[in-house]
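Peer 1: Residue numbers (our numbering), protein chains in the order written: chain A, 8 to 383; chain H, 47 to 571.
It should be emphasised that the hints constitute simulated quantities derived from the structure, not laboratory data. Small disclaimer: the values here were computed from a predicted structure and weren't measured. The reader is advised that the hints may include incorrect statements.
Taking lysine-lysine and the DSSO-like style, the derived pairs with C-alpha atoms no more than 27 angstroms apart in a straight line are [unchecked claim]:
#: 1; chain 1: H; residue 1: Lys171; chain 2: A; residue 2: Lys368
#: 2; chain 1: A; residue 1: Lys368; chain 2: H; residue 2: Lys174
#: 3; chain 1: H; residue 1: Lys294; chain 2: A; residue 2: Lys370
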Amino acid sequence: MTTMISYVFLQHYWWMIISLLAGLLVFLMFVQGGQSMIFSLPGNETQKKMIVNAMGRKWEFTFTTLVTFGGAFFASFPLFYATSFGGAYWVWIAILFSFLIQAVAYEYRSKPANVFGQKTFDIFLLLNGALGPFLIGTAVATFFTGSNFSLDYMNSVKWGTGWHGLEALLDTRNIALGLAVLFLARTNGLLYILNTVDDNDLSARSVKRLVLNAVCFLVFFLFFLITLMLSAGLTFTGGTPGIVVEHYKYLHNFLHMPAVFIIFLAGVIAVLAGIGITIFKGSRKGIWYTGAGTIVTVFALFLVAGFNNSTFYPSVSNFGSSLTIYNASSSYFTLKTMMYVSFIIPFVAAYIWYAWKEINKKKITSEEMNEVDHLY
Amino acid sequence: MIEHFDMSLVDWSRAQFALTAIYHWIFVPLTLGLSFLIAIMETIYVRTGNEEWKRLTRFWMTLFGINFAIGIATGIILEFEFGTNWSNYSWFVGDIFGTPLAIEGILAFFLESTFVAVMFFGWNKVSKKFHLTSTWLVAVGANLSALWILVANAWMQNPVGMTFNPDTARNEMVSFWAVLFNPVAVDKFLHTIFSGFLLASIFVLGISTWFLLKKREGWIAKRSILIAAIFGLISSLTVVFTGDNSAKTISSVQPVKFAAMEAHYYGSENVGLTAFGVLKRSGKKIGDKEIMDFAFRIRIPGFLSIMTGGDKNTYVPGIEDLVYGKEDSRQILSVADKIRQGVFARDVLNHYKKAIMVNDTGQIRVIKNEYFQDKKFLNENFRYFGYASLMKPEDAVPNVALSFYSFHLMVILGFFFILLFIVSVFLLMKGSIAKHRWFLWIALLSIPLAYIASEAGWVLAEAGRQPWIIQDLMPVTRAVSQISASSVMTTFILFAILFTALLIAEVSIMLRQINTGPKHSEDKL
């Protein structure tokens, strides 16, 4: 069996795993989306408490997925880890700060003697809720729009600007994806609240906000998608020169990989269906459609970024330094070893699903907020 | 770990990583040990059905939760700082180091995070048995996550199971099992998790004795002491055993660190182990580094030789031998020779990379065949690749005073903890523990000592490895990301403020919860 597994296959396999983790991460950022509304959505303190506890029981999944996403990237494409983290320093540090304050905010906000007061920790949740998805979306947009860096012959990165990643905020396409991810997270957050919290007034408020957030998401997402389809990208030729500019690169990627396009389309339809059945039919199961759609859409977008000889981390200042799944990956041996490890993922997914189901089988109610002693 | 606070990029990067690691390690050992203690307590509750045991379990679980969140928060920073601050290192070793990190995420973190939600929120939602299983899985998950990161760290202390690929200019894994069962990894994992168990036991013991001092929560305090003392005694004895193994391994794979731990400068046979010592400046130097002498010490004759080689005639090389070499039958290569070997390896690599750049296929083939596929070159030159970056031989010597004191502080406190647990069990069995207030105070005041011992262990591991980030292959100066020192200084200050603020909040919340005691949980049920 092992002799049949080629290095190229493993590089594609691991890019798919990374893409899947990215999809899961964006879906699980419904936690951040919910956090970003803890001051604006609830009508009273009990509703706020219910929102925080609904999100708080899932924050570790998002956190763990982010850590695993980073770990898997380090293990399978270490040159990306070295180049992006070491180069776009300030963007990643800003993301880290926003997650650092999130983790403690849930546990400390309602505890007596928390020194800084509940409001401080709620502001931490708000900051993470707004900045986390926006910055991650902006950082991921550079997978398409490129960054200003070069690598020397020992693969040491030299960043082209003193802003070390913050310059990504000057590109409207990056901003658009950042905002699209933020509004998607908020949309998913609202759908999750509708699914998990049993409170009529809060539900009505959530549906009202869902319309606005869904529209904002669609506007920014479509802007990013259209500009992406019309823009040029870098292609790895395998010859000399190794990397060339290709007009309509990402449109070509969809056309050359119809299966990816169908997956992408199915994902977008599922996202819209989840929003639609909630707004028009009053369903509370929209999160499952939109959630699945989010995972699938992001998965397909990552495949577009990495497959079909694309440069998944393009350098706009030195094309030759751009990263592809071929030049940035770990060795054959490491990718193969980790492939065996990845076989455990379905088992992990199964126990997560089971535990999630057990915890969520009773909806969160205002009464519960006065009964349980481990509350956020 | 932080020896020079100047404005250089390397020093600020080291300072930032050290800051994060030190803060992270305040919280992790308690998670490792308390998770098992809680699981044991809940098991007793499920088996006996006694609601008092449930109350006791929930009390410690509340403290666990407060500590757990901040441990996770600092952990994510640490993981990503490998990339943000040590990008050259990340590429040089990512092929090996990344794998344990990824496995840690897939295998351990998800186990921990999935079932910790059940543990905290599932009391009234899932069956007793499912809840108990979740609590045990949290403990297993937490300790499994420690395994993988310690495997990665062990590889930095003793790089094995890899080969250098000149085409990619990095080390690549050739044996996963060699990396996993690296002798340093096995010792390090066992020593670290049992030291976490020990710390958690002292935490439980100390807080319980505080309840006895305040004459409250007697039932819960005595049972907590019993479990903590037995668990702690077993753990502390295991820590001694694994520590001894660890020291033996260090003596063979990191002899300079081993010599620095003992401030052992001149090699000889029948070398005594310093049980206690105070260092002073001797006025003599090795290169530009001051040689430390003993102002006072208590030695166990011949024991260092016995520890390393099994008998007192074993020769234990000192720092001077290891720096300047010994050309007798012991054949210790000098650092100057290693630098020459490393420079040669680096030059060969540079020639190879230049040949690739100009596409000189003949030269590429020749260099590859004559050097990179030649075992002699790999064993005699490439293993010293990192030495090419040292300016002078004395640079290979870590901070001796820091290594010596951190090691001896850890060991002395370790033996004190054994005594503490033995006395706890004895007094508890006599039924008179509450009457011995002097002992209750000692147990309470031992809590910070456990943290000091635990941090000292990591200071030794990391500061003792200097100047290397990967032993013999890459010095820290070569590993750092090329960002401005002022950027790292700024983030260092931001992290320092934030970590400190969160630690203050954590301690304040913890103290309030302890003061409130377990009854509070029951009142709210």
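Peer 1: Going through the earlier hints one by one, which of them does the structure break, listed in rising order?
Peer 2: Hint 3 is the one this structure does not satisfy, whereas the remaining hints hold.
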